[in-house]
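Letter by letter, the chains look like this.
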Amino acid sequence: MSTTTPTSNSPALLDAERYHQIQQFYATQMQLLDDGAAAAWAGTFTEDGVFAQNVKPEPWRGRAQITERMTVGLARVAASGLVRRHWFGMLAARPDGPDLVRTRYYAVVYQTPWGGRAEVYLSTMCEDELVRTDEGWLVRYRMVAHDGVG
Amino acid sequence: MSTTTPTSNSPALLDAERYHQIQQFYATQMQLLDDGAAAAWAGTFTEDGVFAQNVKPEPWRGRAQITERMTVGLARVAASGLVRRHWFGMLAARPDGPDLVRTRYYAVVYQTPWGGRAEVYLSTMCEDELVRTDEGWLVRYRMVAHDGVG
Amino acid sequence: MSTTTPTSNSPALLDAERYHQIQQFYATQMQLLDDGAAAAWAGTFTEDGVFAQNVKPEPWRGRAQITERMTVGLARVAASGLVRRHWFGMLAARPDGPDLVRTRYYAVVYQTPWGGRAEVYLSTMCEDELVRTDEGWLVRYRMVAHDGVG
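Chains as they are written, first to last, in full-length UniProt numbering: chain A, 1 to 150; chain B, 1 to 150; chain C, 1 to 150.
Some hints here could point you the wrong way.
Selected chain A positions facing chain B (in silico; Cβ < 8 Å) [said to hold, decoys possible]:
| hint | residue |
| --- | --- |
| 1 | THR28 |
| 2 | GLN31 |
| 3 | PHE88 |
| 4 | VAL120 |
Residues on chain C that point at chain A, a partial pick, calculated with CB under 7 Å [said to hold, decoys possible]:
| hint | residue |
| --- | --- |
| 5 | ALA16 |
| 6 | ALA27 |
| 7 | MET30 |
| 8 | THR112 |
| 9 | TRP114 |
| 10 | GLY115 |
| 11 | GLY116 |
| 12 | ALA118 |
| 13 | HIS146 |
Sample of chain B residues with no beta-carbon within 10 Å of chain C, all distances over it, derived [unchecked claim]:
| hint | residue |
| --- | --- |
| 14 | VAL55 |
| 15 | LYS56 |
| 16 | ALA64 |
| 17 | ALA79 |
| 18 | ASP99 |
| 19 | CYS126 |
Hints listed in this document are in silico derivations from the structure and should not be mistaken for laboratory results.
For every residue, glycine included, the Cβ atom is placed at its ideal position computed from N, Cα and C.
Chain A with its partners taken away, still in its complex shape (with noise of 0.2 Å):
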């Protein structure tokens, strides 16, 4: 995976309009995605979006990709019984031009089976990067790497 470790108290911070923005689209993209919603989830990617694990031999490449293998994954989930709730934090994030901005941050998921009690399910470190269009923010390539994960 690439890895770009920021440098110390970067000077090249986002600013205040986008950073906000791109909190709240990660809000709403994570509850579609949360909400079962696989398609809309993958019309937060770029038609042509990459999304990439450090668990999965290859990339899943494209909407139509994205969403067959997420409706896979979901439907696993849901027969399952557990509800998953994916939240984003320590959002670092840099400007590459007004309509480009590469982002690294962390996720966590907890899951909570029927009845049951709450749990950390796993622990991840994320790059991202976010394009501005006519739909507004989309992803254009993800990285996702589990922590623990060789």
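Take the given structure of chain A and dock chains B and C to it, following the hints.
Using the frame of chain A, we list chains B and C on its own:
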């Protein structure tokens, strides 16, 4: 409970100014609760504010009742020797005029027993109606849906 | 430790510009720590910055000591094979002039053993004095109070 599933990548983002005000309002509000200040916490609701949970048969209505019920709840937590921390995250917010904002977000509660290890206590999905008043932002209606509860 | 319990719905909110800068500063700062960069992390404190914790008899004082102590701590974590992620949340912030901000927030640490399952490691309440300098925002004083510790 009312469900307002966000549509993909909603165009009606909240502006940066109100978004960060609400982030700060939530931080202050829930620190009050975790500090054990039931009456001050109730004061972050409107005088006739409503606090509903899917684990309670009836919502709590108005500052007086919210104070009374939360005082009992906090006394129980204090007696158990647990430190609780309420975290809100993944905040999606939609304006409805200048002084009303509807939010949909996640909340997780951590708890730490005295001398013991921190753990996740519960995971929820929440919806608020927030109004801007002379006292600042206040909750007019809050619905907290605990995960894994029917 | 000093305790600055916020009063209800404080009128002295921080402006959006500085609030998002501090959110980004915290994200970058703690990613440095989790990446194992002790000296760079110490560089996010002022030259004479103080890092106090309720689980340590004495605060760490100045970048040199902070670097030295954190280098030891990070080596111990690395040797244990654990991946740690520091999350800050529920950020309340109050300006004290243009270049000083006092914050009160929560921090949680997740850890994942190599090949194992993520878990909550600890929950804390933190207070910072942040100053704006030619190097950007820096921590002049940080107090981390671990929950459940007397």
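Taking the hints in turn, this is what the structure says about them:
A cut of 8 Å between beta carbons decides the hint on A:THR28: the least distance to chain B is about 5 Å, and the hint holds. Satisfaction of the interface hint for A:GLN31 is found here, the shortest Cβ-Cβ separation to chain B being roughly 6 Å, below the 8 Å cut-off. The criterion of a C-beta within 8 Å of any C-beta in chain B is met by A:PHE88, whose closest approach is roughly 7 Å, and the hint holds. Checking A:VAL120 against chain B: minimum C-beta separation of about 6 Å stays under 8 Å; hint holds.
Given the 7 Å rule on beta carbons, the hint for C:ALA16 holds: about 5 Å separates it from the nearest Cβ of chain A. At its closest, the beta carbon of C:ALA27 sits 4 Å from a beta carbon of chain A; the interface hint therefore holds under the 7 Å criterion. For the restraint placing C:MET30 at the interface with chain A, the shortest Cβ-Cβ distance is roughly 6 Å, inside the 7 Å limit, so the hint holds. A distance limit of 7 Å between C-beta atoms decides the matter here; for C:THR112 the minimum to chain A is near 4 Å, and the interface restraint holds.
Interface hint at C:TRP114: satisfied, since its Cβ lies 5 Å from the closest Cβ of chain A, which is below the 7 Å cut-off. About 6 Å separates the beta-carbon of C:GLY115 from the nearest beta-carbon of chain A, less than 7 Å, and the hint is met. A cut of 7 Å between beta carbons decides the hint on C:GLY116: the least distance to chain A is about 6 Å, and the hint holds. The beta carbon of C:ALA118 is positioned within 7 Å of a beta carbon in chain A (closest approach about 4 Å), and the interface hint is therefore held.
At about 18 Å, the closest approach between the beta carbon of C:HIS146 and any beta carbon in chain A exceeds 7 Å, and the interface hint on this residue is violated. Taking the minimum C-beta to C-beta distance to chain C, about 22 Å, the non-interface status of B:VAL55 holds against the 10 Å cut. Non-interface call for B:LYS56 relative to chain C: holds, since the shortest CB-CB distance, roughly 24 Å, exceeds 10 Å. Listed as outside the interface, B:ALA64 is consistent with that label: its C-beta sits roughly 16 Å from the nearest C-beta of chain C, beyond the 10 Å cut-off.
Interface exclusion of B:ALA79 from chain C stands, the closest Cβ pair being 15 Å apart, more than 10 Å. No beta-carbon of chain C is positioned within 10 Å of the beta-carbon of B:ASP99; the least distance is around 15 Å. Its beta-carbon lying about 14 Å from the closest one in chain C, B:CYS126 satisfies the requirement of being farther than 10 Å from that chain.
Checked against the numbered hints above, the structure violates only hint 13.
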